[in-house]
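S.K.: Converting from the sequence shown to this note's numbering requires adding 3 to each position, the first position being numbered 1.
Quick caveat, the hints were computed from the structure, so don't treat them as lab data. A few of these clues could be false.
[Unchecked claim] Just the calculated beta-carbon pair ranges, DEER-fashion:
#1 T71 - T91: 20 to 28 Å
#2 K60 - R96: 15 to 23 Å
#3 G66 - E103: 13 to 21 Å
#4 V102 - M17: 37 to 45 Å
#5 S38 - V102: 24 to 32 Å
#6 T69 - I9: 43 to 51 Å
#7 T122 - T71: 17 to 25 Å
[As the list claims (entries may be wrong)] When the alpha-carbon atoms are kept at most 25 Å apart in a straight line, the in silico DMTMM-like pairs for lysine to aspartate or glutamate are as follows:
#8 K67 - D43
#9 K118 - E48
#10 K60 - D101
#11 K79 - E58
#12 K125 - E112
#13 K125 - E58
#14 K79 - D111
#15 K125 - D101
#16 K118 - D55
#17 K60 - E112
#18 K67 - D85
#19 K118 - E58
#20 K125 - D99
#21 K67 - E103
#22 K118 - D83
#23 K125 - D111
#24 K125 - D43
#25 K79 - D101
#26 K79 - D99
#27 K60 - D43
#28 K118 - D85
#29 K67 - E88
Think of the CB as a built atom: it goes at the ideal place given N, C-alpha and C, for glycine as much as any other residue.
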Amino acid sequence: MLLTIIPGIAFVSMGAWPIVGFMGLGVGLIWWALSAHQRDGRRYEQVTLWPDQLELKQVDGTGKETLTRFNPFFVKLVIDRDYNERTTALHLRTRDRDVELGAFLNPDEKSSFAKAFGTALKRSRG
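Could you put the whole structure together from the sequences, leaning on the hints where they help?
M.R.: Spelled out as structure tokens, the structure:
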């Protein structure tokens, strides 16, 4: 903010006062983008698998929690892939529900999680 005052004074003294408004708009947009990025960085999901239950706790950037429970015998891990066989999305799917898992992960992280979680889900079924 302080760094915009000096150029702002210079532009006003030259008679180019409308530029000061655009500088303020630019600073406001940068502040908004950084705060949105920071808020999204606080998102997380916690997956807990027991022999008789699967819990998915999703927490968004504002702290709002959503808890979804599944029976591990009836849930299916669905992996969406693109034409290059990269993992694009993970879903926990039952007959009546479909919940996206790890939407904020990159394709490599999604693939790694799908491999580990798929193995754990198969082991829990016996």
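S.K.: State for each hint whether it applies.
M.R.: Hints and how they fare:
1. T71 - T91: 20 to 28 Å: 21 Å, holds
2. K60 - R96: 15 to 23 Å: 18 Å, holds
3. G66 - E103: 13 to 21 Å: 20 Å, holds
4. V102 - M17: 37 to 45 Å: 58 Å, violated
5. S38 - V102: 24 to 32 Å: Holds - the Cβ-Cβ distance for S38 and V102, about 28 Å, lies within 24 to 32 Å.
6. T69 - I9: 43 to 51 Å: The hinted range 43 to 51 Å holds for T69 and I9, with Cβ atoms some 47 Å apart.
7. T122 - T71: 17 to 25 Å: 21 Å, holds
8. K67 - D43: 12 Å, holds
9. K118 - E48: Since the Cα atoms of K118 and E48 sit roughly 17 Å apart, the hinted pair holds (cutoff 25 Å).
10. K60 - D101: Given that 25 Å is the threshold and the Cα spacing comes to 15 Å, the pair holds.
11. K79 - E58: This hinted pair holds, its Cα atoms lying about 14 Å apart.
12. K125 - E112: 20 Å, holds
13. K125 - E58: OK: K125 and E58 at ~16 Å, within 25 Å.
14. K79 - D111: 20 Å, holds
15. K125 - D101: 19 Å, holds
16. K118 - D55: Given pair K118, D55 holds - Cα atoms ~21 Å apart, limit 25 Å.
17. K60 - E112: 18 Å, holds
18. K67 - D85: This hinted pair is violated, its Cα atoms lying about 31 Å apart.
19. K118 - E58: Given pair K118, E58 holds - Cα atoms ~18 Å apart, limit 25 Å.
20. K125 - D99: The hint holds at about 21 Å.
21. K67 - E103: 17 Å, holds
22. K118 - D83: Roughly 13 Å between the alpha carbons, so the hint for K118 and D83 holds.
23. K125 - D111: Status holds; Cα separation ~21 Å.
24. K125 - D43: The given pair, whose Cα atoms are some 32 Å apart, is violated under the 25 Å limit.
25. K79 - D101: 9 Å, holds
26. K79 - D99: 12 Å, holds
27. K60 - D43: 16 Å, holds
28. K118 - D85: Given pair K118, D85 holds - Cα atoms ~17 Å apart, limit 25 Å.
29. K67 - E88: Distance of about 33 Å is beyond 25 Å: violated.
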